[in-house]
Amino acid sequence: MNKKGKAILIGAEDEENLAIRYLAAILKFEGHEITVISCSGYNDFSRILSKVKSWDPDMVIVSMAFQSLAFMFFAIIQQIKEIKPEIHVTVGGHFPTFEYQKILENEYVDSLIRFEGEKPISMLMDCLMNGKDLSDIPNLLYKNYEDGKVVENHLKPEFPDLDVLPFPMRNKKPQFRLGEKFATLVTSRGCFYSKCLYCCIGAFHTPKKGTKYAIRTPENVAKEMAQLYHHQGVKLFQFHDDNFLLPSKKKSLKRVNLLKKALKDRGVGVDEIAIMIKTRPDSLHENMVNSLVEMGTVGIFLGVENASESGLKALARGSNLDEIYDSLELLDKYPISLTFNLLIFHPKANLVEINDNICFMNKNLDKAFDFGRAEIVAGSPLEKLVRRKGLLRGEWPQWDYTIEDQEVEKMFRINSLTFYRENSPYPDFSHHLIALSYRAQLLKRFYPGRMSRKLANETLDIITKSNAFTIEKLLKIYEITADIEIDGEINLLYNEMEKFYLSLNRKVDKLSDKMLRFQLVEQKFQNQGLVGYFQNSQTLSKIFRI
Numbered sequence: 001m002n003k004k005g006k007a008i009l010i011g012a013e014d015e016e017n018l019a020i021r022y023l024a025a026i027l028k029f030e031g032h033e034i035t036v037i038s039c040s041g042y043n044d045f046s047r048i049l050s051k052v053k054s055w056d057p058d059m060v061i062v063s064m065a066f067q068s069l070a071f072m073f074f075a076i077i078q079q080i081k082e083i084k085p086e087i088h089v090t091v092g093g094h095f096p097t098f099e100y101q102k103i104l105e106n107e108y109v110d111s112l113i114r115f116e117g118e119k120p121i122s123m124l125m126d127c128l129m130n131g132k133d134l135s136d137i138p139n140l141l142y143k144n145y146e147d148g149k150v151v152e153n154h155l156k157p158e159f160p161d162l163d164v165l166p167f168p169m170r171n172k173k174p175q176f177r178l179g180e181k182f183a184t185l186v187t188s189r190g191c192f193y194s195k196c197l198y199c200c201i202g203a204f205h206t207p208k209k210g211t212k213y214a215i216r217t218p219e220n221v222a223k224e225m226a227q228l229y230h231h232q233g234v235k236l237f238q239f240h241d242d243n244f245l246l247p248s249k250k251k252s253l254k255r256v257n258l259l260k261k262a263l264k265d266r267g268v269g270v271d272e273i274a275i276m277i278k279t280r281p282d283s284l285h286e287n288m289v290n291s292l293v294e295m296g297t298v299g300i301f302l303g304v305e306n307a308s309e310s311g312l313k314a315l316a317r318g319s320n321l322d323e324i325y326d327s328l329e330l331l332d333k334y335p336i337s338l339t340f341n342l343l344i345f346h347p348k349a350n351l352v353e354i355n356d357n358i359c360f361m362n363k364n365l366d367k368a369f370d371f372g373r374a375e376i377v378a379g380s381p382l383e384k385l386v387r388r389k390g391l392l393r394g395e396w397p398q399w400d401y402t403i404e405d406q407e408v409e410k411m412f413r414i415n416s417l418t419f420y421r422e423n424s425p426y427p428d429f430s431h432h433l434i435a436l437s438y439r440a441q442l443l444k445r446f447y448p449g450r451m452s453r454k455l456a457n458e459t460l461d462i463i464t465k466s467n468a469f470t471i472e473k474l475l476k477i478y479e480i481t482a483d484i485e486i487d488g489e490i491n492l493l494y495n496e497m498e499k500f501y502l503s504l505n506r507k508v509d510k511l512s513d514k515m516l517r518f519q520l521v522e523q524k525f526q527n528q529g530l531v532g533y534f535q536n537s538q539t540l541s542k543i544f545r546i
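For the sequence shown, the UniProt record's numbering assigns the number 1 to the initial residue and increments by one for each residue that follows.
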C-alpha cells in the first residue's frame, strides 16, 4: 500500500482561494492529510511557521497567483526551509508558469508546476512519499541536487475533466461577505476570447489542444451550489469565471436556463440566493439578462476596460463602443448593480482617449467604477510589446513601462503620485464603493421594502458624489500636465483627495454598519414569519438607527 503524507497549501486568501483548494481537495480525496493556510501578508507568517513546526508536513505547496506578492512568497518559503530544510517546497500558478526559470533560481524552491496542477500535484505527493522517480510527472520542473541542475519534464498542457474533479476543499464555516454567507466558485476555466493585451490567460491556455476554455455541466455546478446552500447556508455566490457567459449567445442562454433548472431540482430556491458574475458587453442580450435576474443575479462586473474605440483596439478587447453602450442601457432596466474598470493608461494611450474615458465616467456617475493602467503580467502580450518597443523599466517582477505619448506618460506619473500614491486611500475606497454597490442591490433582493430602498438611495448618493469628485480631480491632473513646475500642485491635489476620500470612506463604513444592522434584524423578523413588519415600522427604524 502506498504511503500517505501531509501537505500544507498556502496562498493569498481574502476569500477562499479556489486554485489551492482544488489541489487540496485532490490530495484529501487520495487520503493525504491536508491543511490550507492563508498567506495574504507578512502578518500571516507566524501562524504558518507555527503550523510547520508543530505539524511537520512532508510538502508545502505555494500558489503564487499574484505576481505583486512574489517577494512575500519567497520570504515565507525561505523561513519554512530554514525551520525544516527537508520539507519539499513546490510552487505553481500563472506567474510561475511563465517565470519558472527565474523562480527556480531561488535556492529554497525545490520544484515548480506549470499549467494545470491537479494531476502533477497528485503524482508529486505520491512520488515523494514512496521514493518514486519524479521524471514522469507532467508539467513539473525540479532540482536534481546531485548535479545541481534543473530537470524539465514533458509538458501535458490539457484541461482536466472539470466535472470529475472533487469540489474545492472548503472551510468548516462559510465566509461572510456583504453581510451574508458567501462562497466563490467557477463554472469554467480559461477564456473563450483570450486575446486581451494585458492578460496572460490566453498564453496560459494556448499550448492546449482544441478550445482555450473548459466548462462544467450545469448539473455539476448546481450540485456544488446545493451542497454549499444546504450544508453551510450559503446564499451569496460569486462566480470567478473570466467570462461567465459563453461565446454563443444561444448556447449560453441554454446553459444558464439549465443551471437554473438544476438548482431548483436540487432544492435551491433561486429566489433565495444571489449571484455576482463577470462578463463581456458583447455577451449580453435581453433574454440573457432576464434569465440571469431570474436566477438571482444582483451584480455584474462588466468588462468595459476602455471607453474609446482606439483604446479598445490597442487593448485588443474585440468589442466596440456600441456594444458597451447597448449593454449599459440594457442593464439599467434591471435590478442589477453594474460596476466596471477602465484601463485608461496603456502603452499607446493618447490624450483624446483619456478625454473619451473621462466623458464616459461622467455619463455613468451612478455606477461604482475603478480606473488605472494596464499593468504588466508575466506571459501577457503587453509584456512582449513593451520589451519589443524598449518601453520596459523597473525590476523583476515589479515591472514598469513608459507610455509612448509623453503627455499621457506625464499624466500617468501625476496619477501615481495622487490617486495611487503609496498609502493613498483611493484604491481601497474605490473597492469598498464597488462592494457597497453590490450590497445595496443585494438588500433590495433579499429584503425588499422601504428601508432597503432607503439604504440603496444613500449608496447612490455616495457613489455619485465620489465619482463627481474623482472626475474633477482627473480633469485637474489633465490641466496641470501642461505645467512645468508641478510638485506643489501635486501635493496640494493629493492633500485634497486624501481628505475627501478618508471622509467619504467613513461614511461608507457607517452605511455598511447600518446595512449589517438592518440585515441582522430583518433576518430575525423573517425567521419569525414577520415579513415586512420591521421595514414598515418607523419606531423600529429609529431604535436600530436605520
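I should point out that these hints are in silico values taken from the structure, not numbers from a laboratory.
Fair warning: this is a prediction, and the values are worked out from it, not measured in the lab.
It cannot be assumed that every hint is accurate.
Cβ pair distances, simulated, as ranges [stated by the list, open to error]:
| # | residue 1 | residue 2 | range |
| --- | --- | --- | --- |
| 1 | Pro-427 | Phe-45 | 48 to 54 Å |
| 2 | Lys-524 | Leu-155 | 29 to 35 Å |
| 3 | Tyr-420 | Asp-483 | 15 to 21 Å |
With a cut-off of at most 20 Å between alpha-carbon atoms, the simulated EDC-like pairs for lysine to aspartate or glutamate come out as follows [to be verified]:
| # | residue 1 | residue 2 |
| --- | --- | --- |
| 4 | Lys-476 | Glu-383 |
| 5 | Lys-81 | Glu-118 |
| 6 | Lys-507 | Asp-405 |
| 7 | Lys-333 | Glu-294 |
| 8 | Lys-542 | Glu-498 |
| 9 | Lys-212 | Asp-241 |
| 10 | Lys-410 | Glu-375 |
| 11 | Lys-473 | Glu-485 |
| 12 | Lys-119 | Glu-86 |
| 13 | Lys-278 | Asp-326 |
| 14 | Lys-261 | Glu-219 |
| 15 | Lys-278 | Glu-485 |
| 16 | Lys-333 | Asp-366 |
| 17 | Lys-28 | Asp-163 |
| 18 | Lys-149 | Glu-86 |
| 19 | Lys-410 | Asp-356 |
| 20 | Lys-195 | Asp-405 |
| 21 | Lys-181 | Glu-272 |
| 22 | Lys-473 | Glu-383 |
Idealized CB from N, CA, C, for every residue including glycine.
For this session: Measure nothing beyond the straight line between the CA atoms of Lys-476 and Glu-383; if it is 20 Å or shorter, mark the hint as holding.
Result: violated, 31 Å
Exercise. Is Lys-181 within 20 Å of Glu-272, Cα to Cα?
Worked result: Between Lys-181 and Glu-272 the Cα gap is close to 12 Å, so the pair holds against 20 Å.
Exercise. Do the alpha carbons of Lys-473 and Glu-383 lie within 20 Å of each other, as the hint requires?
Worked result: Measuring from Cα to Cα gives roughly 30 Å; hence the hint is violated.
Exercise. Has the given pair, Lys-410 with Asp-356, been kept, meaning a C-alpha gap of at most 20 Å?
Worked result: holds, 18 Å
Exercise. Hey, Lys-473 versus Glu-485, does the alpha-carbon distance stay inside 20 Å?
Worked result: holds, 18 Å
Problem set entry | Range agreement (Cβ of Leu-155 with Cβ of Lys-524, hint 29 to 35 Å) | violated, 56 Å
Exercise. Within 20 Å, alpha carbon to alpha carbon, are Lys-410 and Glu-375?
Worked result: It holds: about 17 Å lies between the C-alpha atoms, which stays within 20 Å.
Problem set entry | Hint consistency between Lys-212 and Asp-241 [alpha-carbon to alpha-carbon, up to 20 Å] | holds, 13 Å
Exercise. Straight-line Cα separation of Lys-507 and Asp-405 no greater than 20 Å?
Worked result: Violated: Lys-507 and Asp-405 sit about 38 Å apart, past 20 Å.
For this session: Measure nothing beyond the straight line between the CA atoms of Lys-261 and Glu-219; if it is 20 Å or shorter, mark the hint as holding.
Result: Given pair Lys-261, Glu-219 holds - Cα atoms ~9 Å apart, limit 20 Å.
Exercise. Is the hinted pair Lys-28 and Asp-163 satisfied, with a Cα-Cα distance of at most 20 Å?
Worked result: holds, 17 Å
Exercise. Keeping to a limit of 20 Å between CA atoms, is the pair of Lys-81 and Glu-118 held or broken?
Worked result: With Cα atoms ~24 Å apart, Lys-81 and Glu-118 exceed 20 Å; violated.
Consistency note: the structure conflicts with the earlier hints numbered 1, 2, 4, 5, 6, 8, 12, 15, 20 and 22.
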